[in-house]
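Positions 220 to 507 (this note's numbering) are the ones given, in order, by the sequence shown.
Hints in this document: simulated from the structure, not taken from any laboratory. Quick caveat, the model's predicted, so the values are computed rather than measured. One thing to keep in mind: the hints can contain errors.
Label pairs and their calculated CB-CB ranges [claimed, not checked]:
#1 Ala249 - Leu445: 32 to 40 Å
#2 Ala287 - Asp462: 16 to 24 Å
#3 Thr497 - Gly251: 18 to 26 Å
#4 Gly385 - Ala357: 17 to 25 Å
#5 His447 - Gly319: 44 to 52 Å
#6 Ile457 - Ala357: 25 to 33 Å
#7 Arg346 - Gly385: 22 to 30 Å
#8 Asp361 - His390: 44 to 52 Å
Straight line, CA to CA, 20 Å or less: simulated EDC-like cross-link-like pairs of lysine to aspartate or glutamate [said to hold, decoys possible]:
#9 Lys286 - Glu322
#10 Lys286 - Glu269
#11 Lys286 - Asp318
#12 Lys286 - Asp321
#13 Lys286 - Asp437
#14 Lys286 - Asp310
Glycine is no exception: its CB is placed at the ideal position from the N, C-alpha and C atoms.
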Amino acid sequence: MTSIAFFERAGDPSGEIRYRPTTFAASLWAPGTLNGPAVCALAARAVEVEFGTEEFLPARCTIDLFKAARDVLTSTRTRLIRSGGRIRVVDVEIVQHPDGADEVVVARGTTVFLRTSTNPPGERWHRPPEMVTFHPPATTGDDLAPRFASDAPDGGLGEWQRDMSGHQNGHRKRIWTRAAPIVPGEEPTPFQRAVVSAESASLISNWGSTGIGFINCDLTVALSRLPHGERIGVEADIHIEDDGVSVSNAGLYDADGMFGTALVTAVNNAAAQIDFTTVDTSERYREA
Numbered sequence: 220m221t222s223i224a225f226f227e228r229a230g231d232p233s234g235e236i237r238y239r240p241t242t243f244a245a246s247l248w249a250p251g252t253l254n255g256p257a258v259c260a261l262a263a264r265a266v267e268v269e270f271g272t273e274e275f276l277p278a279r280c281t282i283d284l285f286k287a288a289r290d291v292l293t294s295t296r297t298r299l300i301r302s303g304g305r306i307r308v309v310d311v312e313i314v315q316h317p318d319g320a321d322e323v324v325v326a327r328g329t330t331v332f333l334r335t336s337t338n339p340p341g342e343r344w345h346r347p348p349e350m351v352t353f354h355p356p357a358t359t360g361d362d363l364a365p366r367f368a369s370d371a372p373d374g375g376l377g378e379w380q381r382d383m384s385g386h387q388n389g390h391r392k393r394i395w396t397r398a399a400p401i402v403p404g405e406e407p408t409p410f411q412r413a414v415v416s417a418e419s420a421s422l423i424s425n426w427g428s429t430g431i432g433f434i435n436c437d438l439t440v441a442l443s444r445l446p447h448g449e450r451i452g453v454e455a456d457i458h459i460e461d462d463g464v465s466v467s468n469a470g471l472y473d474a475d476g477m478f479g480t481a482l483v484t485a486v487n488n489a490a491a492q493i494d495f496t497t498v499d500t501s502e503r504y505r506e507a
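Given the sequences, and given the hints that come with them, work out the whole structure.
Right, dumping it as structure tokens:
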């Protein structure tokens, strides 16, 4: 899978590491812009490479996507805010470098690392197994394509399919996805896979009967553990919308069960509405 990636490494006279977006980072919202998973992926990688350790879990990662990222050279800046015995906090900026123009910050994030140990004594509420509605489909190791499913009109669980167009409806949705590498030759880590996949919370929560017209301006990923395996499931759990603003929460799953949640807020972007009955998103997987 390392033959594809969101970015390629690019040299710079200053010695700063920069990244050139590939076609896999392209957004469907507008030509010449980058998709949310690519931007979030770069932020997660920078934080983990600089400050990740085995003793600390990246328990919460919040990324603010406040400006459209363009198809230009991009870099990251990280800063350690707090380094304690149980809590570490790291900030990151995604910086872009247009030709002949000043650099611009297009996203920023904060990751909270918590030291792992054992659970305290006592019993606490958990969702009962019979209430779990996410059950991953069978896929092969060389299969890159995501699977989509939505609830049936009668409220039952719908079947998993490759084709997105069959799920353009007003029902609850879920996806079983495999995160692309961030840079060539480097497999994404469990944390990076979690963040990249979690950005799909906006897709499955804001995608309705006419396509998707809300665009998320942030992503918050909360993890109780790192995911196992290459595939991650994202299932819509809560969605509310009023006056052109939506709030969505999704559950994150691997083959062993739920390991985290994803929260996104989004704003009306109906002027660039994406209709998945007319857009073929499978081309990039065929190319891979």
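>> For a C-alpha distance cap of 20 Å, please report whether Lys286 and Asp321 respect it.
In response: Distance of about 15 Å is within 20 Å: holds.
> Do the Cβ positions of Gly385 and Ala357 conform to the proposed distance bound of 17 to 25 Å?
Replying inline: holds, 19 Å
> Falls inside 16 to 24 Å, the C-beta gap from Ala287 to Asp462?
Replying inline: For Ala287 and Asp462 the Cβ distance comes to about 22 Å; the hint holds.
>> If I claimed the Cβ atoms of Thr497 and Gly251 lie 18 to 26 Å apart, would that claim hold in this structure?
In response: With Cβ atoms ~20 Å apart, the hint holds.
> Taken at face value, is the distance from the CA of Glu269 to the CA of Lys286 at most 20 Å?
Replying inline: violated, 24 Å
> Are the Cα positions of Lys286 and Glu322 separated by 20 Å at most?
Replying inline: holds, 13 Å
>> Range first: 25 to 33 Å. Now tell me if the beta carbons of Ile457 and Ala357 are that far apart.
In response: holds, 28 Å
>> Given the hint of 22 to 30 Å, is the C-beta distance from Arg346 to Gly385 inside that range or not?
In response: holds, 28 Å
>> Quick check on a hinted range of 32 to 40 Å for Ala249 and Leu445, using CB atoms only.
In response: holds, 34 Å
> Does Lys286 pair with Asp437 here, judged by a C-alpha cut-off of 20 Å?
Replying inline: OK: Lys286 and Asp437 at ~11 Å, within 20 Å.
> Holds or violated: are the alpha carbons of Lys286 and Asp318 at most 20 Å from each other?
Replying inline: Within the cut-off at roughly 18 Å; holds.
> Taking 44 to 52 Å as the hint, is the beta-carbon distance of Asp361 and His390 inside that range?
Replying inline: Once the Cβ atoms are compared, 31 Å apart, the range 44 to 52 Å for His390 and Asp361 is violated.
In this structure, the hints that do not hold are numbers 8 and 10, in rising order.
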